[in-house]
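Chains as they are written, first to last, in my numbering: chain L, 2 to 273; chain D, 31 to 460.
If you are wondering where the hints come from, they were derived from the structure by calculation, not from laboratory data.
Don't take every hint at face value.
Claimed, not checked - Derived DSBU-like pairs: lysine-lysine, alpha-carbon spacing no greater than 35 Å straight-line:
no., chain 1, residue 1, chain 2, residue 2
1, D, LYS235, L, LYS164
2, D, LYS235, D, LYS182
3, D, LYS231, D, LYS320
4, L, LYS28, L, LYS162
5, D, LYS250, D, LYS231
6, D, LYS383, D, LYS420
7, L, LYS3, L, LYS28
8, D, LYS182, D, LYS64
9, D, LYS231, L, LYS28
10, L, LYS164, D, LYS182
11, L, LYS162, D, LYS250
12, D, LYS320, D, LYS235
13, D, LYS231, L, LYS164
14, D, LYS235, L, LYS28
15, L, LYS162, D, LYS320
16, D, LYS182, D, LYS231
17, L, LYS28, D, LYS182
18, L, LYS28, L, LYS164
19, L, LYS162, D, LYS235
20, L, LYS164, D, LYS250
21, D, LYS231, L, LYS162
22, L, LYS164, D, LYS320
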Amino acid sequence: MKIFLLTALAAYIVAAIHSVLGFINQKRALERVAHLSLGFGFAAHTIALIMDWASGGYYPLFHFSETFSFLGWALVIAYAIFFRHYRAHALGGFTLPLVALLVLAANISQKEGDLRPHALMRGEATWLFPIHTTSLFFAYAAFVVVFIASIMYLLQERELKLKHFGIAFHRLPALATIDEISAVAASIGFAFLTLGIIAGMSWSFARDGRVWRNDPKEVLAATTWLLYLALLSQRHLAGWRGRRAAWVGVAGFALVLCTFFGARLMGGYHVF
Amino acid sequence: MSIVLVGLNHRTAPVEVRERLAFSEEACAESLRKLVDGDAIREGMIFSTCNRVEILTATEGRQVSDTAARISDFLSETRQVPQDLLHRHLYVHSDEQAVRHVFRVAASLDSMVVGEPQILGQVRRAYALAVETGTVGRVLHRLLHHAFRTAKRVRTETGIGAAAVSVSYTAVELGRKIFGSLDGRTVLLIGAGEMAELALKYLVKAGASRILVTNRTDAKAEELATRFGGEAVDYARLVENLAQADIIICSTGADRYVITSEMARQALVARRHQPAFFIDISVPRNVDPKVGELDNLFVFDIDDLEAVIESNIREREREAQRAELIVDAEVMRFQQQLRNMDFGPIVSALKQKLIEIARHEYARQRPRLGHLTPEQERAIETMLMATVNKISHPIIHRLRRSYEAGNIDNVQAWRDIFELDSGLGKEFDD
Chain L
2 MKIFLLTALA
12 AYIVAAIHSV
22 LGFINQKRAL
32 ERVAHLSLGF
42 GFAAHTIALI
52 MDWASGGYYP
62 LFHFSETFSF
72 LGWALVIAYA
82 IFFRHYRAHA
92 LGGFTLPLVA
102 LLVLAANISQ
112 KEGDLRPHAL
122 MRGEATWLFP
132 IHTTSLFFAY
142 AAFVVVFIAS
152 IMYLLQEREL
162 KLKHFGIAFH
172 RLPALATIDE
182 ISAVAASIGF
192 AFLTLGIIAG
202 MSWSFARDGR
212 VWRNDPKEVL
222 AATTWLLYLA
232 LLSQRHLAGW
242 RGRRAAWVGV
252 AGFALVLCTF
262 FGARLMGGYH
272 VF
Chain D
31 MSIVLVGLNH
41 RTAPVEVRER
51 LAFSEEACAE
61 SLRKLVDGDA
71 IREGMIFSTC
81 NRVEILTATE
91 GRQVSDTAAR
101 ISDFLSETRQ
111 VPQDLLHRHL
121 YVHSDEQAVR
131 HVFRVAASLD
141 SMVVGEPQIL
151 GQVRRAYALA
161 VETGTVGRVL
171 HRLLHHAFRT
181 AKRVRTETGI
191 GAAAVSVSYT
201 AVELGRKIFG
211 SLDGRTVLLI
221 GAGEMAELAL
231 KYLVKAGASR
241 ILVTNRTDAK
251 AEELATRFGG
261 EAVDYARLVE
271 NLAQADIIIC
281 STGADRYVIT
291 SEMARQALVA
301 RRHQPAFFID
311 ISVPRNVDPK
321 VGELDNLFVF
331 DIDDLEAVIE
341 SNIREREREA
351 QRAELIVDAE
361 VMRFQQQLRN
371 MDFGPIVSAL
381 KQKLIEIARH
391 EYARQRPRLG
401 HLTPEQERAI
411 ETMLMATVNK
421 ISHPIIHRLR
431 RSYEAGNIDN
441 VQAWRDIFEL
451 DSGLGKEFDD
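Only chain L is shown next, with the shape it has when bound in the complex (with noise of 0.2 Å):
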């Protein structure tokens, strides 16, 4: 329904803009404000998930405008865990704007005529499906913490190896706090997207015998598993960590940005 999906874009962005003035004045009670509000958005945005599974008759994730705003709670989620398991206080002026983009993405985005969920879900295995997208979408959130957090650890590095101090320097966490929290979301985030990428073979061998099409997104999907692969594997045998893990963090979303857009501009067997 559009009025919980509005609603939830109008908190996501008091959300947001709280939190950014939070981050740039260092006041713990902007980020309260921010906090309150992400809540109740969140809860407006589930209702509006769910009634929109239920009036659609479809697991909610063909379109464009359906994949922001699951990629958008998704966030949300990962937001929540980060938080509160490392307070680091700068990840929401971060990730809160980013959310509040990507609902007013699905808020504004037509869904596209030519998808026809219905027909593309008969046949074969279909359950495979929601754990196919579902997962994959966490897995895509999680990237954007590594993301987030890699950005942040360049600025933060960047500070303290040209010893100037700048607006960066007194209010995001400490070195190691953001390189832990890439390596915890990277984890996570791979163990997603291996979950999809397992759940989408089976689903495919279920329908026609096949697991690979050499797709352009199955072959991009691959490659971004095979980079976070690489980047966790270093991350434990090599003790690659710091500026290094957090380029491969910047270009890993690339990746998956191109996953996620390129795939569909190339046309393929994936609908998006």
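Knowing the structure of chain L, use the given hints to seat chain D on it.
Just chain D now, kept in the frame of chain L:
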């Protein structure tokens, strides 16, 4: 009643003058006893640090300028400083201005390094000394306690003391920015020196738990290790020791790089690229600046630390503007409370009230008394006044006790009984 403060500080007087005026603790107590005579100067306190000498008094029934002149005479006599020299540097604040000054000093807004935390402790000590000497009464008690509260508010509500402005604390702050928490970190001290040892102490206080000490002479290393509860390690195996340390404090007299880029690279590989923080407080530098170009290694030499301090001071000055608003609000609150607790006006208001009642009743009955001789008139007047005094005396006695105990509720109760509040404000303003 007024509050008068006379003094000088680092802005108004050079150190040569300040040191001539400075009071030792014993001199403080003795001078206070001389200054506070219980007549005009009711209460007093001397605040003397290396940056300021100030005498704070609460006076009764005297002009501010008289009191100020008396205090400056007193300073000139006891410290043997000629009057004309003194006058060039002294400032005088009274009442609201004096209150604001005391609050600003306690909140470290008047300090040379704005926001430095020692000042509050120094004010507390001066207050305790004056209390011990017995020269603090209800006005200064209240003033100082309010100043402590204001200082606390400023500290918690602004970031005035947040940014580090000393080399050793800057080292801790930077360490926290790199490692998050310093708990359980290993510190390696190469060389010795006052600043290096101070930095080490701060790092340990912040949580660093393992201390390695190395020195070109083993005996010196052993000595420092015992002093700080660390272990002395072999100077020849520097790379190995570097690999173990998260924070390296380097302070040797060597005129070349003690830690080269190559050594740092080897140590970095050995510690699997875990970040390390080099604090190089030696001049000439002991850590090759190229070390800082390696990933995950952060090098700060003494100039870098000074630059950080410089920027932190500017940050503090911005926060100080917010602190001034808090001080303004607290000064207003204190002035209000002071008005409420001023003893003189309430006593005269009470007497006035009783005299009015007596006169009024006398005037009503006067026509019935017929002709009276002036002697008789005076006798009746004396009788009325004696009655008023006898009635008010125990009340005033109780009031005074309540004031001295700071029991404002009790005082308020007396006021309510005699409905004194209406006339009070006016009288105080006069």
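Evaluation of the provided hints:
1. Using a Cα cut-off of 35 Å, the hinted pair LYS235 of chain D and LYS164 of chain L holds, with the two alpha carbons roughly 25 Å apart.
2. Of the supplied pair hints, the one linking LYS235 of chain D and LYS182 of chain D holds, its CA atoms being roughly 23 Å apart against a limit of 35 Å.
3. Restraint check: the Cα-Cα separation between LYS231 of chain D and LYS320 of chain D comes to about 28 Å, which is no more than 35 Å; the hinted pair holds.
4. The suggested pairing of LYS28 of chain L with LYS162 of chain L holds, with an alpha-carbon distance near 27 Å, which does not exceed 35 Å.
5. For the hint pairing LYS250 of chain D with LYS231 of chain D, the CA-to-CA distance comes to about 18 Å; that is within 35 Å, so the pair holds.
6. A C-alpha spacing of about 14 Å is found between LYS383 of chain D and LYS420 of chain D, which places the hinted pair at or below 35 Å, so the restraint holds.
7. Restraint check for LYS3 of chain L and LYS28 of chain L: the C-alpha separation of about 34 Å stays at or below 35 Å, so the hint holds.
8. With a C-alpha separation of about 33 Å, the suggested pair LYS182 of chain D and LYS64 of chain D falls inside the 35 Å cut-off, and the hint holds.
9. Between the alpha carbons of LYS231 of chain D and LYS28 of chain L the distance comes to roughly 32 Å, so the proposed pair stays at or under 35 Å and holds.
10. A C-alpha spacing of about 32 Å is found between LYS164 of chain L and LYS182 of chain D, which places the hinted pair at or below 35 Å, so the restraint holds.
11. For the hint linking LYS162 of chain L to LYS250 of chain D, the alpha-carbon distance of about 33 Å falls within 35 Å, and the restraint holds.
12. As the CA atoms of LYS320 of chain D and LYS235 of chain D are separated by approximately 30 Å, the hinted pair is consistent with the 35 Å bound.
13. This hinted pair checks out: LYS231 of chain D and LYS164 of chain L have alpha carbons roughly 24 Å apart, not beyond 35 Å.
14. A threshold of 35 Å between alpha carbons decides the hint, and for LYS235 of chain D with LYS28 of chain L the separation of about 28 Å falls inside it, so the pair holds.
15. For a cut-off of 35 Å, the pair hint linking LYS162 of chain L to LYS320 of chain D stands: about 11 Å separates their Cα positions.
16. As the CA atoms of LYS182 of chain D and LYS231 of chain D are separated by approximately 26 Å, the hinted pair is consistent with the 35 Å bound.
17. For a cut-off of 35 Å, the pair hint linking LYS28 of chain L to LYS182 of chain D stands: about 18 Å separates their Cα positions.
18. Our distance criterion of 35 Å between C-alpha atoms is met by LYS28 of chain L and LYS164 of chain L, whose separation comes to about 25 Å.
19. Taking the CA atoms of LYS162 of chain L and LYS235 of chain D, the gap is near 26 Å; set against the 35 Å cutoff, the hint holds.
20. Only pairs whose Cα atoms come within 35 Å are accepted, and LYS164 of chain L paired with LYS250 of chain D is accepted, the gap being roughly 33 Å.
21. Under the criterion of a C-alpha separation no larger than 35 Å, the hint pairing LYS231 of chain D with LYS162 of chain L is consistent with the structure, at around 25 Å.
22. A C-alpha spacing of about 14 Å is found between LYS164 of chain L and LYS320 of chain D, which places the hinted pair at or below 35 Å, so the restraint holds.
Consistency note: the structure conflicts with none of the earlier hints.
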